[in-house]
Each structure stands twice: as C-alpha cells, then as structure tokens.
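Colleague: Working from the sequences, and respecting the hints, build out all of it.
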Amino acid sequence: MEVSAILFYIFAVMAVVSALGMVLNVRNTVAASLSLVVTMIALAAIYVLLEAYLIAVIQIMVYAGAIVVLFLFVIMLLNLREDDFAPGRQWLVKFGAGLLGVFVLIQLLKLVGPGLPEVPVVPEGYGGYRQLGILLYTDYVLLVEMASLLLLSAIVGALILAKRNID
Amino acid sequence: MPIEEICKTLFIILVIVAGLAPIITWIERKQSALMQDRIGANRADIGGITVLGLLHPMADVLKLMTKEDVVPQGANRMMHMLAPLIAALPAIIAFGVIPWGGIYSFGDTTIKMVAADPDWGLLYIFAIGSIATYGAIMAGWASNNNWSLLGGLRASAQMISYEVTLGLSVVGIFMVFETLKLTDMVMAQDTTLRVFGFIEVFGGTVPAFLDWVRLPAWGIFYQPLGFVMFLTAMMAENKRPPFDAPEGESELIAGYFLEYSGMRFGLFYMSEFIEVIVIAGVVSTIFLGGWAIPFLDQATIIGGIGSFMGEGFATGLCVILHFMTFMLKLIVMIWLQMLLRWTLPRFRYDQVMNLCWKGLLPLSIANILITGAVMLLVRG
Amino acid sequence: MLADFTGILVILIVGIVLVCGMLGVHLLLGPRREFSEKQEPFECGEKQIVSPRQRYAVKFYMVAILFVIFDVEAIFFYPWAAVFAELSWFGYWAILVFTLPLAVGLLYEWLKGGLEW
Amino acid sequence: MVPIEHVIGLSSILFVIGMIGAATRRNLIVVLMSIELMLNAVNLAFIGFNRLWPGTAEAPALDGQIFVLMVITVAAAEVAVGLGIIISMIRNRDSVNLEEVSLLRW
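Residue numbers (the numbering used here), protein chains in the order written: chain R, 1 to 167; chain V, 1001 to 1380; chain L, 2001 to 2117; chain B, 3001 to 3106.
It is worth saying that the hints were derived from the structure and are not from the lab. Being a predicted model, the structure only gives us computed values, none of them experimental. One thing to keep in mind: the hints can contain errors.
What the hints assert, rightly or not - One-sided and incomplete, this derived list gives chain L residues near chain B with beta-carbon spacing under 8 Å: (1) Val2058; (2) Tyr2061; (3) Ile2065; (4) Val2068; (5) Ile2069; (6) Val2072.
Unchecked claim - Here are a few chain R residues that sit away from chain V, every Cβ distance over 12 Å (derived from the structure): (7) Ala64; (8) Val68; (9) Ile106.
We put the beta carbon where it would ideally sit given N, CA and C, even for glycine.
Modeller: Below you can see the structure in the form of structure tokens.
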C-alpha cells in the first residue's frame, strides 16, 4: 500500500474515534468539543490527501479555529459541565437511534456501492487558490454576494438574541 | 529526498528553534537591563567563567527540568498536561514554511532553503496560529483556578480578535505580489522599485537622474500601513507586553499558566520566545525582503562572482550571503520587538479590544479596497 | 503537490518528539512530594472562596461571534487577492459588494454597543 | 490513492454518528455540535466526488469545493445564531436541556 493510503486510514480512524468521543461523552462537554476539534483536523488532513489544499486550510481556520472556539466559549461562559439526561426510557431512545443509524448507514452505502470510476490524475493547479478564486468571482459571484448577506443576517441575529436581556 | 528533508528540518528545529530561543531570553534580559540602566544577567558561571551571562539560558533550562511538577486539586489532569503541548507545538511547526534562503542549483541538484514550500504558505501560518488558541483556553479551564480561567478567557478572546486583523492586513500584500507562497514573495522582492515610476502612469516621462532613485522592492514600501497593522496583530497574538493583559501580573497573577510549574511552565515560556522568532521571520519575509540583499539580486551575485571564481563557488557564497542577510533582518526584527516590549506600558484590556475591532479591522478593510482601486488604476 | 507535505509531516513529528521529550525528561528529573496544601489552587495565599465554575460576561461570546463571521469573510478575500489582477474591475466590484453588507454589520454592532467593554 | 468508495464510506459513518448524536443527546450545545459533524461529513463527500471528476486544467470543475466553501459559510452563520438562541434560552430557562423547551414562545 502506498503512504497516502495508509495515512488516509489512520486519519479516518482518528476522525471516527473522536466523533464517537464527542457524541458519547456525557460527562464533560468541554472534552466533547475538544474531540470535535480532533475530528476537524483529521478531516482537514484527509482533504489534503484528496488534494483539496485550500479547503483543507480553510477547514482548519474556520472549523477548528473559529467555530469550535465559539462552542468552547459558550460552554465555558455558561459553565455547562455535566449533561443531564432526562430520566426514564433512555435505553429505548438509544436503541431506536442505533437501529435507525445502522439502517441509514446501510442505505447510504448501498447508494454508492461499487462501480465508481477509477480515481483520475488531477489536472495542474487543482485545489489551489487560483482556479478556485477565478471560478468563485466569475461563475459563482452571486453565491459570494449571497454569502455576505447571510453573514450580515447572522451578525444582526446573534446580536439581537444575545444582547436582548442585558440592556 | 526524504533524508534531505529530514536533515533540513532537523537543522531548522535544532539549530534555530532550540538554539536561538534560549539565547533570546538572554537578549531580552540584556535589553531590559540596558534600558533600565542595569547590568543584567551576569552571574551564572562554570568555574568562574561567565561569558557575558550567556550561561543563564542553560541554567534556566536545568532549573526548570529539576522542578517539581505540581497539578492543583480539582484540575482536569489530562487537559492540564496537554495544554502546554498544544501551546508549544504550533509555534515550532510554524517554522516549516519560513524560507531561510532562496532556491539554488548546483549543477543538476536544486536546493531549497525551506522545509516545506506549499502554495499557500502564509495561510498555513494563520491556520497554525488559530490552533494555538486552544493551548490558552485549555490551560485556563483545566487548572480549576479563577485567575487562570479569567486569563484563559482574555487570552483566547484577544487571540481570536487579532487573528482576523492578522489575516486581513496582509491581503494587500497578496494583491501586490499576486501569490500566497512565501518563497515566491521573497523572489518578487529581490528586485528594485523605481520611486518615480508612477509619473509614467500619468503619461509623463521619468527624467534620467530621477530614474536612478530606487528602493529595494520590499513589501514595506508597497504596504506601509499593512506592515504596521501586521506587526501589531502578530505581537498581540503572542500576548507579550504591551499586549499582556491576559497575563497581567498585578491583576491576574500570571494568567492562564498560573498553575504550571517546571518544564510545563517552561513550554509556555518557550513558546512565547519561539513565537518572537516566528514573528520576526514572517515579517521580514513578507515585508523586508526575506533573504534578498538590497540592490544586489541573486543573478547578479552568481553572474558577477561566478565569472572569475566558478559557478559552484559563487552559488555557495550566495547561499551563505543570503542566509546571513536573513539572519540580520531576523535579529533586527527581534530587537524591535524587545524595544517595543520594554518601551510601552501595558494596555488596558478594553483598549486592546478597541484597538482591534474599532481601529485595525476597519482600517485593514479600507486598506484592501484602496490598494485594489489604486493598483487597478495604475496597471490599467 | 503532495510532496510539499513531507516537510510539514517531518517537522510535525520532530516537533512532537522534541516537546514530549522535554516533558518526559522533566518527569524523570523532577521530584514528587505532594501534600494537600501544596495542591491547592493558588489564590495569593488565601483559601479558594469562589469556585471558577461559574458564569462569565456575555461580551466574550459577542467577540467570538464577530470573529467567526469575519474569519469567514477573510477566507473569501484570500482567493480573490491572489487572482485580483486577472479579474480586474469586475472582481473589484464583486468584492466591494461583498464587503459592504459586512461593513454595515460591523457598524451596526458598533452602534448597538456590541463592541463595548 | 484510496478508492473514493472508502472516502464516501467514512463520510457516511460520520454522518450517521452525527445523526445519532443529534437524536439522542439532550444538551442543545451537543446537538448543535452533532449537526456540525453531519455538515462536515457532507463536505467530505463533496470533496471526494470532486476528486473523482476534477475537470481539466483549462476548464476546472471545482463545484464540489465551492459548495464546501458555501457549507462552511452557512455553518458559521448557523452556529452564530444557534448559540445566540442557546444563550437567550439560558437566560430565560436556566437550562440547555432540550426536554424543557417545549413551548414555542415564552
């Protein structure tokens, strides 16, 4: 096996284990969010192996560096240490969710199945900022403008929601 | 290929990081002593030989190594242990993309004086810087101490605030050099800039005597405002004075690493000093021309000396000259940071945040838009 | 392109070994004499009165939100800046229209007092 | 290079983990983190499929990567507003437990 394949499986295991750590950790929410960071970084490494370099860096900058920091801030500011499960019939919910999960997983894998073409050799400059920048600001320019409007609404919404009861 | 890579990396880490970082602690002590009219570190000796106090860094490391490792009650042991690792590691691996010299060819073999040369070198440094935030948060949270937690919160809020400015203040430089690759940026700075060249934009001709007035084509001359903002943001990221509100001895005792002792404290301490070198390296690469010697580009050196001493010798000499130039610029930038650290008093925390959100952020966005308009007008 | 990452991988591994080695040597050399007074959280010699597990000001959260938004804004700037000459005026107007709502957002936050400390 | 089937398999596994988390956990913050995980899984699928059909050097087909950029933007906006809702919920209810938020208005 080549090195990149070995690295892929290492990072895949890392991502799955830390994702499970995030979901199953009921005692410590801070640790849960930190294991989400590990998932994000492992995914960024997989993006690198898939030769999407710019997206990999953006993944680390935005997901690992910004979004999870925001989660951590809220958890620390509100001091949410333990997660309190509601009593009664927990096992039913968990069992149902597990069953549903297995079902969905089988369906999803059936969708892909075998029969995807061979992985081609990437063209020159794939995954770099040049091609992405040109496409983003010519063909997809409307998307960019809409993203900016979305971010504006997020600023206004967050400010109104969080500030309302202070003043 | 891998052997060569490993040698290069080992050289960078062992010689520059592990060698330069302790010496910087000595430089800082001597600098502070100079500015406060004292003598400074001069006591540590081996058999009576003190070597200007240069043995102090070694004594420091030995002392930190042999101290007891105290973990406070109620602390989260695992996070308490991981936090210094996460704080120190990003500072070290940021060195991977800083070019210590150019690209040279000896016959068939090409040598790059950089450990890794990805297409988006500067973004790599930003991404790593954003991971470094976790060190402060984790240290503050895991210690079960009020001061630590407050310091950690302050540190992380300050770091994430200045990260935005850090990213936006160099966009102007990306536009000027049209690349995000650090080696290409330095290469673009290895020429000269005609100061009066702008006359041609308005249809005039440059008189011959004015055409001789030239500057090295460094980023600082294209983006002076960007340089100031970038340096400020980098220094605030590093949380050293005057931006040390998260550590504020008089109010928070020591901030987020209050509960650390021995080498774990040492890692936090070391990471600050390593970051000083990173800042100096990045700033001198982007804004001060990196390894480029002013008015003397690589082709001229190799062509000029190579004509009578042989190509190989000239290239070798060029490598040494470039490395020395880079080290000189590095040391000047380190010295500038030390000077600022011992000159300015600590900012209040609200001043730090206002400087970022109300000052640098609008300014850097305006800088981008104005740079874009001017460049499009000039280049047509 | 993947070859660029050999250097990063090597420096990462060497960095981890270096840092862990330092901590390991410290654990070997350092003494261990624990007793409960020493392990108390350091509060200038006083007993800890208030536990740090409490709630803090919402201002930090406002900063973090603004940071997330402007970080996303910055990632749209980077690819634009690198190909800015090719895009010419069209790209410039695109980025101007992109920046305007965010500038308005910053101004709104400023006027509403979300930036006050 | 790994076959893309494995990448999509990893993406499916992460998606299902996120889904189970969103369905079973009661802590609203953890639910939001699980949703982030699901978005990430989708991003991975986008990147994987884009690697399979990368276009040519003259006419690159980077739709997958651009979609990922957009997903990241949406995720950032979503987190900002979602955590705002959580903070205002804590002010009113003093809890982040989903069970206790059964009223549409308060």
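Colleague: Each of the hints needs a verdict: does it hold here or not?
Modeller: The hints, checked one at a time:
Because the beta carbon of valine 2058(L) sits about 7 Å from the nearest beta carbon in chain B, less than 8 Å, this interface hint is met. Interface restraint check: tyrosine 2061(L) against chain B, minimum CB-CB distance 6 Å, threshold 8 Å, status holds. Hint status for isoleucine 2065(L): holds, given a least beta-carbon distance of 5 Å to chain B, under 8 Å. The criterion of a C-beta within 8 Å of any C-beta in chain B is met by valine 2068(L), whose closest approach is roughly 5 Å, and the hint holds.
For isoleucine 2069(L), the shortest C-beta to C-beta distance to chain B is roughly 6 Å, which falls under 8 Å, so the interface hint holds. Annotation: valine 2072(L) was flagged as interfacial toward chain B, and the flag holds, the nearest CB pair being 5 Å apart, inside 8 Å. Some Cβ of chain V comes within 12 Å of the Cβ of alanine 64(R); the nearest lies about 6 Å off, and the non-interface call is violated. The claim that valine 68(R) lies off the interface is violated: its Cβ sits roughly 9 Å from the closest Cβ of chain V, which falls inside the 12 Å cut-off.
Consistency note on isoleucine 106(R): stated as away from chain V, and its beta-carbon is indeed over 12 Å from all of that chain's, at 36 Å minimum.
In summary, the structure is inconsistent with hints 7, 8 from the numbered list given earlier, while agreeing with the others.
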